[in-house]
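Q: One letter stands for each residue in the lines below.
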Amino acid sequence: MAERDGFAEANAAYEKGDFKTAADLYEELLRTHPPTAAARYNLGNAYFRLGEKGKALLNYERALAACPRDGDLAWNIRVLKSVLPDRLEGSNASGAGALAREALGFFSLNETCLLLGVFLFSAAAAALFWFLFPRFKIIFKSLRTLFLALAFLTALVAAAKWRDTKDPLAVVLVKEIDARYGPSQKETKAFLLHEGAEARVLDESGDWFYVSLANKNAGWIPKSSCEAV
Amino acid sequence: MRRFVLLFTLSILIIPANAFAEVAIETSVSRSRVSVGEELTLDITITNAQGKISRPVISSVDGFTSYSQSHSQEISIVNGVSSSKSVFSYALVANSPGQKTIGPFEINIDGRVYKVAPVKIEVVPNAATPQLVPISSGLPVSSPPARALPAGNVGDRDIFVKAWLDRDEVFVNEPAMLTYTLYTRLSATYKGFEKEPETTGFWVEDFPPEKTIRRTEKILNGSRYVVADVRKLALFPTEPGVFTVDPGTLAAVVELRSQDDFDSYFSSNVFGRRNFPSPFASQIISQTLSTENVALTAKALPEAGRPAGFSGAVGDYQIESSLDKDQAQAGDPVTFRLRIWGQGNISTLQMPALPGLEDFKVYDSATSTNVAKNRLIVEGEKITETAIVPKKAGTYTIPAVSFYFFDPRARVYKEIKTAERTLRVTAAPEGEREASSEPGGVRPVEKEDVAFVAKDIRYLKARNEGRVWPELFKNPFYWGFAILMLVLALAWGASAGRKETALGDRKIFRLRRSHSLARKKLKAAEVFLKENRDEAFYAEMDSALRGYFADRLDISPQAVSLETIESRVADGDADPEMLNRIKTILGELSGSRFGSVKKDKEEMKDLCESAGRVIDRFEKVRLK
Chain A
73 MAERDGFAEA NAAYEKGDFK TAADLYEELL RTHPPTAAAR YNLGNAYFRL
123 GEKGKALLNY ERALAACPRD GDLAWNIRVL KSVLPDRLEG SNASGAGALA
173 REALGFFSLN ETCLLLGVFL FSAAAAALFW FLFPRFKIIF KSLRTLFLAL
223 AFLTALVAAA KWRDTKDPLA VVLVKEIDAR YGPSQKETKA FLLHEGAEAR
273 VLDESGDWFY VSLANKNAGW IPKSSCEAV
Chain B
1043 MRRFVLLFTL SILIIPANAF AEVAIETSVS RSRVSVGEEL TLDITITNAQ
1093 GKISRPVISS VDGFTSYSQS HSQEISIVNG VSSSKSVFSY ALVANSPGQK
1143 TIGPFEINID GRVYKVAPVK IEVVPNAATP QLVPISSGLP VSSPPARALP
1193 AGNVGDRDIF VKAWLDRDEV FVNEPAMLTY TLYTRLSATY KGFEKEPETT
1243 GFWVEDFPPE KTIRRTEKIL NGSRYVVADV RKLALFPTEP GVFTVDPGTL
1293 AAVVELRSQD DFDSYFSSNV FGRRNFPSPF ASQIISQTLS TENVALTAKA
1343 LPEAGRPAGF SGAVGDYQIE SSLDKDQAQA GDPVTFRLRI WGQGNISTLQ
1393 MPALPGLEDF KVYDSATSTN VAKNRLIVEG EKITETAIVP KKAGTYTIPA
1443 VSFYFFDPRA RVYKEIKTAE RTLRVTAAPE GEREASSEPG GVRPVEKEDV
1493 AFVAKDIRYL KARNEGRVWP ELFKNPFYWG FAILMLVLAL AWGASAGRKE
1543 TALGDRKIFR LRRSHSLARK KLKAAEVFLK ENRDEAFYAE MDSALRGYFA
1593 DRLDISPQAV SLETIESRVA DGDADPEMLN RIKTILGELS GSRFGSVKKD
1643 KEEMKDLCES AGRVIDRFEK VRLK
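Protein chains in written order, with the working numbering: chain A, 73 to 301; chain B, 1043 to 1666.
Just so you know, these hints were derived from the structure itself, not from any lab.
Glycine residues also receive a C-beta, built at the ideal position from the N, C-alpha and C atoms.
Possibly wrong hints are sitting among the right ones.
[What the hints assert, rightly or not] Listed next, with one range per pair, are the computed distances between beta-carbon atoms: (1) B/1353 with A/175: 47 to 55 Å; (2) A/190 with B/1553: 28 to 36 Å; (3) B/1540 with A/278: 54 to 62 Å; (4) A/106 with B/1501: 47 to 55 Å.
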């Protein structure tokens, strides 16, 4: 009940144009209650209105991990990225690579794991029926093979998506940050990232993340300048 | 050649004294009434004159200035009759109004003086055509002395051209006038440009020649020149910088006359208006005239005060808009006309965009440009007509349209705008309305793409949905379950496979052992026969035979019957004799075991041997 009230209160503040209060209320709600994609989406909107594009994108990406097929979310991410200064598309930003990424993004990692469990359970059930009723061998043996094959494919998708967890996405939250060739301010500057830039965290050392951009450029940025999705 | 010479000689000799008619002298003028500044041509034509013709002596030409004179002569011999014609032509420009008299004339032909009556011309004042009036620049006009030059020797001071700009510095897109002025003290004809000027970096407007050629007379270094502006170009720089224009070269034809030619009064120059002088009287020389390059500095337009909607127009403009009607029906097209006119580079002027008309369907615009150069400035108008169709009834105001230009004289940007226009739109008549009001059906409307007006993020989620569940892949129970399911699927599958294999093995085993087992039982039956154990004999025989068929057909011994056997035998292998024999043996065995039929030893032995042959024969039978 308190959760619903807090959400409605935050929405009301947003509707009045008090985006700062709305953002604080959404943050509080996410801290004190189990997180929802809607609260993260709305928090992203509030930050967007406040001009904090990095935080807006961070919350949109977090909501997307839970609701990968939400059209509003996808639209807002597109609109937000269109006003970001850094061009970060990789070489396979279009064509087969983009199609494969879109297909992978259709399900969340949780959904993929759930699907894998369902397929494995179905394969086991089909095997049991085959054993018990050898007369219906053709049906049950085929079903077992089919479910095992589906489970294998799902496992591949899950493995590909697992990369998102292994190398989490980080969003730059400060206006500008220099990526360096090493985890120190003394190292040479490699490139400049602006607020809202996304990069994969490959490694960390002390207060530094080693990040890789979609275009394969890599560098070290301070942990304080970004946050992992 | 010999024949031509003979004919020519004969023709000379044959010419009779009466072959020449009497001398006739005619005077004609191209116009009897001219305005001040206009030109007329006076021709004195002498036909059939013999001997030397001296130039005409004209006693009076008050009120006119002569610009050219020429003499042409023509002799023709047709069918032995010779005729000659000499024409003295004078181009005269009237310089004061009133009734004027040219002449009388006196012409000396071979020592005899002919008198010709004067010609009357009415000269009326006309201030509208000053372009051909000679301008003396305040100097007394007197004819330059006739010059006689050796053929082919025209000096640089006799005829030359100057290209000059009316200013050295202009703003971008502000015109600078490039003028070509021809100076000559010879009789000359301007023939145009041999090499056009190089005007890279400029938008060029060329003025029409009839508006540009102005003639004056000037005294330079003691010599009288006729001066004419032969070409004018308006140069509009397209970008800032210092430009050097190569003016190109001009061509002119120069006439050199004999010294004893016409009298001094008509000794001026020719500018392409008259026929060429006769080769009997003068010599024609083509002359190429070049001049020095000219430099022009184009200044950038000032940044200060430049309006956002400024599109590069420089000059002095005005704007107006209009609608072809102020009242229309919904769906009827109305023409919105936007007109900008004034001085400047009209050709490159960009018309302002139409204001947003949401309640109208706006079609493509048609733009027309009209550039006028009559006043030796580039001016004109540009008109855009756009068809707009009101979608529904109401009173609409078409907002004012603004246009910005840079005024180079005041050195400021100026904004001009049209007045707002009001259009009253009435509803379309009942019969022309769209579909909905007609009970009989619907009329499809033209579809349009839904266009985004602006991009923004989508609105809030109203319900707090999309609970973020714990991540399954981090849960060991999930992985335990998944692995268990995988193991079970594989294990149960393997077990089912093994079971299937075992079942298949038993069948083959029975098949393989069937014959040898039956043979063993038959031998055992023979033993029982020798021991006179009849019941045991029949029991063993029955077991051997039924056991054999049961193993072969993979059925139970109790299920063995002739019908079962017949049903399993392949179609081509169903031997009736064999089947009959099986039936007989099975019947005899049943009868002997359970019935009262008693067989002797021989019959029992035959039964045993017959059963052995039957199973041997059945080994070769294929089963279904």
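Q: Given the hint of 28 to 36 Å, is the C-beta distance from residue 190 of chain A to residue 1553 of chain B inside that range or not?
A: 45 Å, violated
Q: Taking 47 to 55 Å as the hint, is the beta-carbon distance of residue 106 of chain A and residue 1501 of chain B inside that range?
A: 24 Å Cβ-Cβ, so the 47 to 55 Å window is violated.
Q: Does the Cβ distance between residue 1540 of chain B and residue 278 of chain A fall inside 54 to 62 Å?
A: 59 Å, holds
Q: Tell me if the beta carbons of residue 1353 of chain B and residue 175 of chain A are separated by a distance inside 47 to 55 Å.
A: 49 Å, holds
In summary, the numbered hints that this structure violates are 2, 4.
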